[in-house]
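**Q** For reference, the chains in residue letters:
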Amino acid sequence: MYRYDQIDQTLVDERVAQFRDQTQRFLSGALTEDEFKPLRLRNGLYIQLHAPMLRIAVPYGLLSSRQLRMLAHIARRYDRDYGHFTTRQNIQFNWPQLERVPDILAELATVEMHAMQTSGNCIRNITADHLAGVAPDEVADPRPYCEIIRQWATLHPEFSYLPRKFKIAVTASPADRAAAEVHDVGVRLKRGADGAIGFEILAGGGLGRTPIIGQVIREYLPQSDLLGYLEAILRVYNRHGRRDNIHKARIKILLRALGVQEFRRQVEAEFEAAREFAPRLLGAEVERMRAFFAPPPYEVLDDLPDAAGNAGLLSGARAPYEAWYRYNTRAHRVPGYRIVFVSLKKHGEAPGDITSAQMDALADLADRHSFGLIRSTHDQNLVLADVPQRALREVWQTLASLELATPNIGTLTDMICCPGLDFCSLANAGSIPIAKQIHARFDDLDYLYDLGPIEIKMSGCMNACGHHHIGHIGILGVDKHGKEWYQITVGGSSASPAALGEVIGPSVPKEAVADTIAKLLDVYLEERQDEHERFIDTVRRIGVEPFQERVYETDHSAA
Amino acid sequence: MRRIIRRREILEDSLRYAGEVQDPGTVAVQTAAGWIAGAGTRGGNGAASGPVALLLAATDEVEALAPHLQSVQWIVIEFAKIGEGRGYSQARLLRQRYGYAHELRARGALKRDQLVFLARCGFDAFDLDPAEDLSGALRALDSFTVAYQDGDEALVQLRRRAVPGAPA
Numbered sequence: 059m060y061r062y063d064q065i066d067q068t069l070v071d072e073r074v075a076q077f078r079d080q081t082q083r084f085l086s087g088a089l090t091e092d093e094f095k096p097l098r099l100r101n102g103l104y105i106q107l108h109a110p111m112l113r114i115a116v117p118y119g120l121l122s123s124r125q126l127r128m129l130a131h132i133a134r135r136y137d138r139d140y141g142h143f144t145t146r147q148n149i150q151f152n153w154p155q156l157e158r159v160p161d162i163l164a165e166l167a168t169v170e171m172h173a174m175q176t177s178g179n180c181i182r183n184i185t186a187d188h189l190a191g192v193a194p195d196e197v198a199d200p201r202p203y204c205e206i207i208r209q210w211a212t213l214h215p216e217f218s219y220l221p222r223k224f225k226i227a228v229t230a231s232p233a234d235r236a237a238a239e240v241h242d243v244g245v246r247l248k249r250g251a252d253g254a255i256g257f258e259i260l261a262g263g264g265l266g267r268t269p270i271i272g273q274v275i276r277e278y279l280p281q282s283d284l285l286g287y288l289e290a291i292l293r294v295y296n297r298h299g300r301r302d303n304i305h306k307a308r309i310k311i312l313l314r315a316l317g318v319q320e321f322r323r324q325v326e327a328e329f330e331a332a333r334e335f336a337p338r339l340l341g342a343e344v345e346r347m348r349a350f351f352a353p354p355p356y357e358v359l360d361d362l363p364d365a366a367g368n369a370g371l372l373s374g375a376r377a378p379y380e381a382w383y384r385y386n387t388r389a390h391r392v393p394g395y396r397i398v399f400v401s402l403k404k405h406g407e408a409p410g411d412i413t414s415a416q417m418d419a420l421a422d423l424a425d426r427h428s429f430g431l432i433r434s435t436h437d438q439n440l441v442l443a444d445v446p447q448r449a450l451r452e453v454w455q456t457l458a459s460l461e462l463a464t465p466n467i468g469t470l471t472d473m474i475c476c477p478g479l480d481f482c483s484l485a486n487a488g489s490i491p492i493a494k495q496i497h498a499r500f501d502d503l504d505y506l507y508d509l510g511p512i513e514i515k516m517s518g519c520m521n522a523c524g525h526h527h528i529g530h531i532g533i534l535g536v537d538k539h540g541k542e543w544y545q546i547t548v549g550g551s552s553a554s555p556a557a558l559g560e561v562i563g564p565s566v567p568k569e570a571v572a573d574t575i576a577k578l579l580d581v582y583l584e585e586r587q588d589e590h591e592r593f594i595d596t597v598r599r600i601g602v603e604p605f606q607e608r609v610y611e612t613d614h615s616a617a
Numbered sequence: 173m174r175r176i177i178r179r180r181e182i183l184e185d186s187l188r189y190a191g192e193v194q195d196p197g198t199v200a201v202q203t204a205a206g207w208i209a210g211a212g213t214r215g216g217n218g219a220a221s222g223p224v225a226l227l228l229a230a231t232d233e234v235e236a237l238a239p240h241l242q243s244v245q246w247i248v249i250e251f252a253k254i255g256e257g258r259g260y261s262q263a264r265l266l267r268q269r270y271g272y273a274h275e276l277r278a279r280g281a282l283k284r285d286q287l288v289f290l291a292r293c294g295f296d297a298f299d300l301d302p303a304e305d306l307s308g309a310l311r312a313l314d315s316f317t318v319a320y321q322d323g324d325e326a327l328v329q330l331r332r333r334a335v336p337g338a339p340a
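Just so you know, the sequences run in chain order A and B.
So the working numbering is basically just the index in the first sequence, starting at one, shifted up by 58.
So the working numbering is basically just the index in the second sequence, starting at one, shifted up by 172.
Quick caveat, the hints were computed from the structure, so don't treat them as lab data.
One or more hints might be untrue.
Said to hold, decoys possible - What the simulated footprint calls covered on chain A by chain B, stretch by stretch (three residues with Cβ under 8 Å from a Cβ of chain B suffice, anywhere in the stretch; the number is not a length): (1) 60–69; (2) 293–304; (3) 327–338; (4) 557–565.
Backbone N, C-alpha and C fix where the C-beta goes; we use that ideal spot for every residue, glycine too.
Bound conformation, chain B alone:
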């Protein structure tokens, strides 16, 4: 059984990908491209009745998904190999520009070393390389207690927090 990290907990995965057995209570993940292509014809065949989980490839444009985000409960962004970096920008755009608030999961060739970056881009669930030790990965989420970038006017705000009484 595949285990994932979701909001700092280790859980059994309830998503199923193409080719996997669809146990009761699990949700089948569809490709974002296929699901968007079917958006115009849905309704009559019941395809949109259940929860929707979408798999976003690195080459998919988040802009195409943006108008449909209200109907989506899971977005899984795929990291096909070490060094794939497009998903970080996809996540930032989904969270910041398009206001996506449900689960955003990173899946693929990922280890604990990428978790801090992923989390800071807006991912809240992680389906890591099966060889990775998840308790070690959980600890790695706390590798850094400071950052230079988060949020508007980040550099200054950080220092205000660090220096009590500094001018606002």
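Excised from the complex, chain A in its bound form:
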């Protein structure tokens, strides 16, 4: 992984000192709340319902065991012994004291971490495919480019006061596990006609109140132009994006207003005009960066024929290791290795939550069996990417003892979910209680396995932190006369080609959410062509009407 040099460390240390001064000035009254707000936000600090919330950057979802232990320490010392992984691969703490945040940041800086630009109207944490570097289907490892973009975006003088937040995702796989199509800018690695690595650039995607799928604005961008082109996009947006209405300030609104042709023309014109001063990405810099992400020292191993256990003899919930192997591990491109998902979706826990003890133990496990590295996913799970197959049983046993082995990755209960009304001051309705309701209702693993891959995504308000628009089933919390109701969508997808879900009808009351989902699943099980047709594919084939009819045919509780 990337390691800080003196420049990186100095910058982070100086940022800590600056934030300490800013916090001090706020506490002494030299800064008003309104003045402090944009300063604290761009350092990841929110004031929430109960306490401040501090969001810490996990650049493109990559953590060392040392960093994970530090997060455990922060949770233990400054918070309530747990942290929460977010849909942007970051981690947040819900209970720190404002006065102690500068100390937290100083501790983080000792392990090359920070909270810069995890909120605020600036370029946010760069997200990426959580299987980067080990995925069998990628063009090249996207992480060197992620780190280059991260550095370029950090404290960028021109783009630190944008009209609104700005999210960039980088992916190198046709499967697009980074959801690049629903980001302000999506960067997709591709090879040019000459075989050289370049990029397809998308812009104008996003969720929130106005969900829009991004559009391709450049089919192929040579590697050396990456930062210059991003600067051109950002400059057009910074100058012309709306600033009069916070709900219309994202780049997607500008792109839609101009039309993709005109937006592209402006970006290309700016890109050409700025060439003389634009940063050029030198091949040597890419090579230097690539060295940080070189493959770990894999042993020469063969695939183990019995790694999957007795899957042929046993199946489903009666064979816990086999179920875990099947659902929580994935093929690795190096023989003898396997990718292991660490489920943060145990029944009874808020999706994405992890305790200090779990973090410490996971760090140890990563040191023993996965080269000391851990990844966070935008589905709010963790990954040990490089586990030798011979260690799988031991890893499973350890994870199971930590309650991190719920064999549900990719299934219905692998939900993603925002903090909702339990923590967030923006929320209209709870998310975590709905996740628990769904877990309780669908606790039969054999039933889940029969359903196959299905993604539920849930947001407690239209800001869509839980990405409900792109869930195969999306759940949006709405406030109706002071009561929590839920609007259901079907047919969304973050995988390429991305799609936005369609609302099935009027929202349903809180207690009816799991029942409503059960009806959707009944329709699917009746209508699917065979067990290989996924829920999303059935929705695409038969449309939303059969689902609507079932949910609303006799349901008098919906309003």
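Guided by the hints, dock chain B onto chain A, whose structure is given.
**A** Just chain B now, with coordinates in the frame of chain A:
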């Protein structure tokens, strides 16, 4: 008396804005839009004889000002509220694309926390929120001794400087 920071010094301001008393030796600031609109009729009425100081609003396009920059000694870019960010791009364009070399001043709802960004975009004078302590603001100009972006091929060049003997 309004005090500003100009090229790392705290000075009394010599510019006067609409509605302010025009003491001797001060220069009246005109709106860029109004001044550009009058460009065709100047000459006979003496309006262009003295030094020219222009106030650029966030919504003004710097391209309209570009052909006239030789006649301008001050450009003041206005930041009407916290979070206004267009001025950073205006400054970069004036300095880089249009080669403006005289004073470029940021004025408005600005505190010490924005100074590093402003300076790195090309501003060399700052007329901050009146409540801001200017000596604290001067110190804040040195908050960061490193940056990732400045200049062409910035990432690589920085590291060359940091690592003596690194390949050029």
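**Q** All the hints need checking, so say for each whether the structure fits it.
**A** Hint check results:
no., hint, verdict
1, 60–69, "holds (count 5)"
2, 293–304, "holds (count 4)"
3, 327–338, "holds (count 7)"
4, 557–565, "violated (count 0)"
In this structure, only the earlier hint numbered 4 is contradicted, and the remaining ones agree with it.
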